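Trainee: Sequence:
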Amino acid sequence: MQDQDKGSEIKTKPSKTRNLFGFFAFAFTVIAVTLSLFQLYSAGIQPFSAIYQRCIHITLIMTLAFLLFPATKKASRQKQDIYFYIDLLLIALVFLVGGYIIFYYGEIIERQGDWTTIDVIFGLVTTFLVIEACRRTIGWVMVIICLSFIVYAYFGPYMPEFFAHKGYSLERIFTLLYLTTEGIYGLPLGVAATFVFIFVLFGSFLQKTGGGDFFINLAYALTGRMTGGPAKTAVLASGFMGSVSGSAIGNVVTTGSFTIPMMKKLGYKPHIAGAVEAAASTGGQLMPPIMGAGAFLMAEFTNTSYLYIIKVALIPAIMYYVTVLFFVHFEAKKMGFLGLPGDQLPRIGETLKNGLHFLIPLGILIYVLVRNFSPMMAGFVAVVATFLAAMIRKRSRLSLRDVIDALALGGKNAITVSAACAAAGIIVGMVSLTGMGLKFSSMVVSISGGVPLIAIILIGLASLVLGMGLPVTASYIVLVILAGPALIEMGVALITAHMIVFWYSQDANVTPPVALASFAAAGVAGANPMRCAFSSWKIAKGLYIIPIIMAYQPLLLNGPFWEVVRTIVFSTLGLIAFTAFLEAYLFHRTNIIEWIFMGVAAFLLLLPSLYTDLIGVVLFFGVIFTQKLIWKEEWNGLPGLQLSKKNLADAFQGRLKVS
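The working numbering applies: residue 985 is where the sequence shown begins, and numbers increase by one.
Don't read these hints as lab results, they were simulated from the structure. Quick caveat: nothing in here was measured; it's all calculated off a predicted structure. Among the hints, a few may not be true.
[Said to hold, decoys possible] Label pairs and their in silico Cβ distance ranges:
(1) LEU1340 with ASP1065: 47 to 53 Å
(2) ASN1003 with VAL1584: 55 to 61 Å
(3) LEU1073 with SER1241: 35 to 41 Å
(4) SER999 with TYR1025: 31 to 37 Å
(5) LEU1072 with LEU1541: 40 to 46 Å
Beta carbons are placed, not taken as given, at the ideal position from N, Cα and C, and that holds for glycine.
When you get a sec, could you build the whole thing from the sequences and use the hints?
Mentor: Below, the structure written as structure tokens:
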């Protein structure tokens, strides 16, 4: 009852956004549609130079943010109060400082280094606007981090000796942030204003045409009859949806609205149903081709092709989902949950017949990427292909109103990630200016003694702290610019170091006390938010193990073929064994001896040695043997077995029924 009460509190708490109506609702839609059309135009027809692309993008994004997100909890969500008119003033400032860049950037470049008072003032105003937009959309943690780095840049001479530097004037700080591509208009915003937005728009069109429903129904048809079917459907549907949306919370509110009630109906406790959905949805940011903003940021940071990033990311993502699937399976077997009857599930033939055309855009997207087109062009083609594919069937055909809604939804969905990336540009700029990244990396190397495993554990702990208040994209950027170089200095490959940091940054979705995806799932499930968060944290333990495998074994296809195959096979067995160890269940509940053997098997299978792998396999299959052949719910004997009844009873805790 308490869980339900807590769930009700979540559902009824005041909305974070305004309920716009009348002229301002119309204005919001026009601006969001304009942003989407601008992004489509620049992606597929006429690219803009970096500074103009990023400036126009963030100008429209901040306008949407100040219209939609009020300044305080006291501000009205329903009417135009004093806070609303203050926000209109902020929007005017947004257009003023944005217009200054757009119309006068040629002159600004000519006098580079000889900054005017207007340059400095507008730099200060822009920094304030970006931080304020970030505060409203993300929260105070990112704001505090940004301000801390600005303070660090200014008061460098007064810092502790290890972190001290010469210090920089306010003029230098704010002009770097505002008038160059090394600050607010830097790489993170560049990724958000190009690759990320176009794929967010792709997801919006797929959602509007009914493609999301098709993937959910397909998952139901494939897994619904299995043991724990609805939970496996949640995992599979989140994998399908996550592969194109790349948003954990987006997955929770779309697939979760179907899968969580079905899991509860089958008998799963509300907090477990929500936890399964949150953990599965977190995998959406790991699964190619979209991976949230991560794949695009990683490609830019490492100067690597986007196609290569998604190629090496695929196998670890699948392994993560295998871990979640086996957790769901063991939980269902332990609780005695069967699948759903066939008459409650969509037929796979009918599902494919009604939605097969939604696979066309995905196929075209993959083809265009393989042909080495830019991700922007690939996203543009995918959006157009989705629109055209939807026209094939009457039920998915888009009207003009639907197209406008999809364009507006794309603009709205991009607000948070773009605000986070703009604020992250402040951090990147200050780190670059002061050399903080090298100092921090040196500290990590010193503390870890040059041992990569210790450094990875430190990064994991840092991700826990950052994950309590930052979204995934921001957490990844902060971690990778501070700690990434330390891993590289210890001999970890560039791509591997970035992938490790990116995986650990996913904790932002499932880490208590601020686990956004888990809380969203708790709201849908009517569960206690903290119980849901801790349960999803447990289910998502693959987030911690798989990055360590990446560091010590060729999981990212960075080794000889058979070595890669061995790593994939034995590591997957190790993850399954680890899940069985956590759940104390395989085919039946494990006794203490089996449980210990399973834990040892998991540990050995995850070590980077063929010898330990072989010993681990023997232990793992030994437990399978005892569970399947030696003891069952009813003991029927085993020919040739030379064990006394007393030995068996002692060994298996008296759980055998000896005839």
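Trainee: Please go over all the hints and tell whether each is borne out by the structure.
Mentor: Right, here's what the structure says about each hint:
no. : hint                             : result
1   : LEU1340 with ASP1065: 47 to 53 Å : holds, 50 Å
2   : ASN1003 with VAL1584: 55 to 61 Å : holds, 57 Å
3   : LEU1073 with SER1241: 35 to 41 Å : holds, 38 Å
4   : SER999 with TYR1025: 31 to 37 Å  : holds, 33 Å
5   : LEU1072 with LEU1541: 40 to 46 Å : violated, 52 Å
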